[in-house]
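Visitor: Listed here are the chains, written in short residue letters.
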Amino acid sequence: MNSLRTARTSRLRKPKRLANVVMLAITLFYLLPFWYIANNAIKNADEISTHPFTLTLKSITLDNLRRAYAMLHFPTAFLNSLILLVLSLALLVSLGSLAAYGIVIPRSRFMNRLYTLLVALISVPFQITIVPLVGLLKQLGLINSFLGVAFVYAAMYLPFVIFLYVGFMRTIPRELAESSQIDGSGMLRTYLLIYMPLLKSITGIVMIVRGVSVWNDLLAPLVVLYRNSMYTLPIQLYVFSSSKIGQWDLVFGGTLLVCLPITVFFLLMQRSFVKGIMAGGIKG
Amino acid sequence: MTRWYVRHRMTIAGAAFVLPALAVIALFFLYPAIQSFRLSVTDWNGISPDYRFVGLDNFREVIEAPQFKRMLSNTLFLIVLYVPVLNAIALLLAVVIYDVGRLANFYKVVLYLPNILSMVVVGVIWKVIYNPVFGPLAYLFEKLGKPDWVQDWIGQTATVMPALSLSIVWYAVGFYLLIYLGGLSTVPKEIYESAEMDGVGWRRQLLSLTLPMIAQSVTINVVLSIIGILTIFDLPFILTGGGPGFASQTMAISVYIYAFKSMQQGHAMALAVILTVITMIVALALLTALRRKEVTDE
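Residue numbers (the UniProt record's numbering), protein chains in the order written: chain A, 1 to 284; chain B, 1 to 298.
Chain B extracted, bound-state conformation (with noise of 0.2 Å):
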């Protein structure tokens, strides 16, 4: 026993170190995430101690919910073209900031700037700005004779989703930038120039040369960017609230109306459950297959 204690002497003072902060994440975090995986099978209302068993029926009922089928599809448009897209904008400005010289602090500065600003903010700009009838968007578009372009972009079914991203895009590239911007200042200027005397064009050098120096971030930035769209709750809520009618609506809107508009608990939490889920599963699969291309590259 005291052998013991000498051999895990620093642990255990190390121990006194951490638990604090384990007592919280346990108490706020954990141990309510729990929670919800246990009582998505209970007809328990978020209040009342009592409940019973109702097994998969609330995962059965949002499953079947008519706007369900347009949320694994809005989830998926997500996943598959704004994350990819968001990585290459945000990719290809990193690339031309980092050797444009005297100005790119400025335009770091300016890319960023929204990202400081609250969702909410954000969300209520980009309302004026697609606003069919007086917003900044119709009335440059009617000044440019191109008046067929005046359309409710929000509002239509078939424009909210892009619409939509191209908001968040404007909102969140400045993060993902200068993420990028962090890994490219890791590798080493020689590279370039010694391509550059063997005559390799800029798009080789992009794809053959910096993107591998910088798997890392591109995994990180791959990574955060799925997390973050999939869990992205503010500027969608204020700037479409899911509509118009579901066909913007996503998961971690859905989960807020269940629980707090239509006070159905155990269907917010069966969702919660597979939203969270789903983000795991995505996550940890391009966790994996980046790191591998990470070490096969190096």
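For reference, chain A alone in the conformation it holds in the complex (with noise of 0.2 Å):
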């Protein structure tokens, strides 16, 4: 019994190593490119061709950042993406919790038809909106205007905001809004001190994956902000870098300064970030 064991541990053990080199290899392949990006960010323009690869103290310089910063007008394209991005969340997460709970309480076919509706929204492609969308945003005035493109957002993303709180919402228990509703406490305050409280976690998922997108995208700003001083970080780089061609350390510090960020940001709150995007898949 105890040599059958052994020889199985040591059949499992040996895959498991050539698993690991495997996975390290792959890793390698994916860090490769961000060392590379990294590296020549802050390396003397005439070095970054002659060893692409490899960084010596005596070549280090943080004049390619210092001057990318400069052309893509950091300071103002980092407040513009954070204001888009505040104003954004905060329509996708009262919206769409609001919503949410809106379809769960009932418990009404009407609803759960509605909610049907809006899931199958999620498969509709943007771009079918895209040419009467912009016509619609200068009518209402909403062009160079962040609400505008928050607007834009919320319509995108709220079917699946609401899909997934829908899906948390209806693993409360019911008794609670009952219980709660009996002691004469209307709807809404059973929604701000009960609901909301206990989907903490994911309003942290919706943030975290939808805020993702919203700072990175580049399409929907680049179709509503034409003013230059609106512009988002993913215009600015998009801008710089098609008309930097050839001026590859400016590209390289300018690349970098706009992934910093966002790179440091999912650092930190990677399990977070893994946890949200696993437990949404479980759910749909």
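Just so you know, these hints were derived from the structure itself, not from any lab. Fair warning: this is a prediction, and the values are worked out from it, not measured in the lab. Worth double-checking, as some hints may not be accurate.
[What the hints assert, rightly or not] The list that follows gives simulated cross-link-like pairs (lysine-lysine, BS3-like), each with its CA atoms no further than 30 Å apart:
| # | chain 1 | residue 1 | chain 2 | residue 2 |
| --- | --- | --- | --- | --- |
| 1 | A | Lys244 | A | Lys58 |
| 2 | B | Lys69 | B | Lys261 |
| 3 | A | Lys200 | A | Lys138 |
| 4 | B | Lys293 | A | Lys275 |
| 5 | B | Lys261 | A | Lys244 |
| 6 | A | Lys275 | B | Lys189 |
Put the two chains together into one complex; each comes in its own frame, and the hints tell you how they fit.
Guide: Structure (structure tokens):
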């Protein structure tokens, strides 16, 4: 019996070592582009082509970063991205959780049908709206307005956000809502005082997952924001990288600057990211 | 009337909560989407209040345009090759990472890292990687003594689609990997132990144990990756811009170019309608097919 067990574990351990070797190779393939950008962003321009993968102390310079920082109008672009992010998330979380609550509590056939319809919208491509949407935003005075872009994101992502919230709200025992209603508190109070605190983790998932897509998106700001002073980080990098072809020291510097904030955020919050995406998949 | 009110009291109260979200979706998504369908058969230019009915002219012109055939074959390439390859890689990685031991979290974080970057960043990174003159890929191939491999991978008609797809896989695989891992975490471990006892090899374990058990994750991932790849804009727009010529043109990019570069709003809406119909038909067909599989396999 004992010998059988050792035979089995040794057979199991061998492929595990192999698996780790393979995975480390793949990890290297994943990290190499990052290293390539990062080390060249802080290197003298003339050394980038001669040894692109190695960095010596002598060749380190912050000049690329400094110049890219100025050309990207980094502080303004960062602030613009941040305003857009806050507006969009405020709309998504408040409207999304309210709607999910309104769908879950009545337990009626009408609400279930409405919910199915909303979920079906997830598969409709954004491109179908684009031409009339720009015309509509012009009519409403929402062109060149962060609120305009935030409404576009809200409309685009609300079906998915509602879908996530409904999935989790259905796991909360209804007795909780019912008993508090007998106490005389209305539906809105139940939502604010009982449901929202219980849904903290799903609100976190919504903010992380949709926050990243809002922060990174190019298309919606590109068609709604025309004023240079309103450009977000992705637009600035797009304009910058297409006008600085050949000046790779600057392109690397700019790319590193744009990556940095979100990468740091991700590394700090990695557990929530991983858990959030996995949970979203299971609930579906 | 009062009885009706009492019976539906909760639904009416619920409707008040749903209304704000519904209003935003209706105004900024449903209304423009319906307008696109309606206006795709007119000569509306996006601004003027006047337009007239032109029948299917827009559709005919879009379909007869020289790049349309290329767009169709690119769409087919992405559905038939990219989606299965992406899902196979994601699933294999998930199975390996699932019981790889201590480093599992490190692998997850690294593989998911590209996914949190802006596709603009990813596009710029891969543009540099593929650069045949001084890019790192060319540099590595030179060092390895394979100068034939130094090519303008995204500048040649024959290689642009695979090269573009590789960069999208690098960007996207982490997301699908995590969904597969989520699915794997719901599979009871004992199944594998007894399969191990019975001497079932890993390939058969994967195909006849794991795959049916995580059928739900497969369905989600296949449908999500179809929708994702057919509508992806930022990354291919930055990396190839649809070129060289029309070699990597997709409908998602073409809609943008029609609408905002060549100012042919009618063509943009007609193509958007075609894209929407294709996406929804493929997504729906796969959803039905895979859902059926889920039921019979359980």
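Visitor: Does the alpha-carbon distance linking Lys293(B) and Lys275(A) stay inside the 30 Å limit?
Guide: 27 Å, holds
Visitor: Going straight from one Cα to the other, do Lys261(B) and Lys244(A) come out at no more than 30 Å?
Guide: 21 Å, holds
Visitor: Would the hint linking Lys244(A) and Lys58(A) be met if the CA-CA limit is 30 Å?
Guide: 26 Å, holds
Visitor: Does the alpha-carbon distance linking Lys200(A) and Lys138(A) stay inside the 30 Å limit?
Guide: 37 Å, violated
Visitor: Is it true that the CA of Lys275(A) sits at most 30 Å from the CA of Lys189(B)?
Guide: 20 Å, holds
Visitor: Keeping to a limit of 30 Å between CA atoms, is the pair of Lys69(B) and Lys261(B) held or broken?
Guide: 21 Å, holds
Hint 3 alone, counting from the list given before, is not met by this structure.
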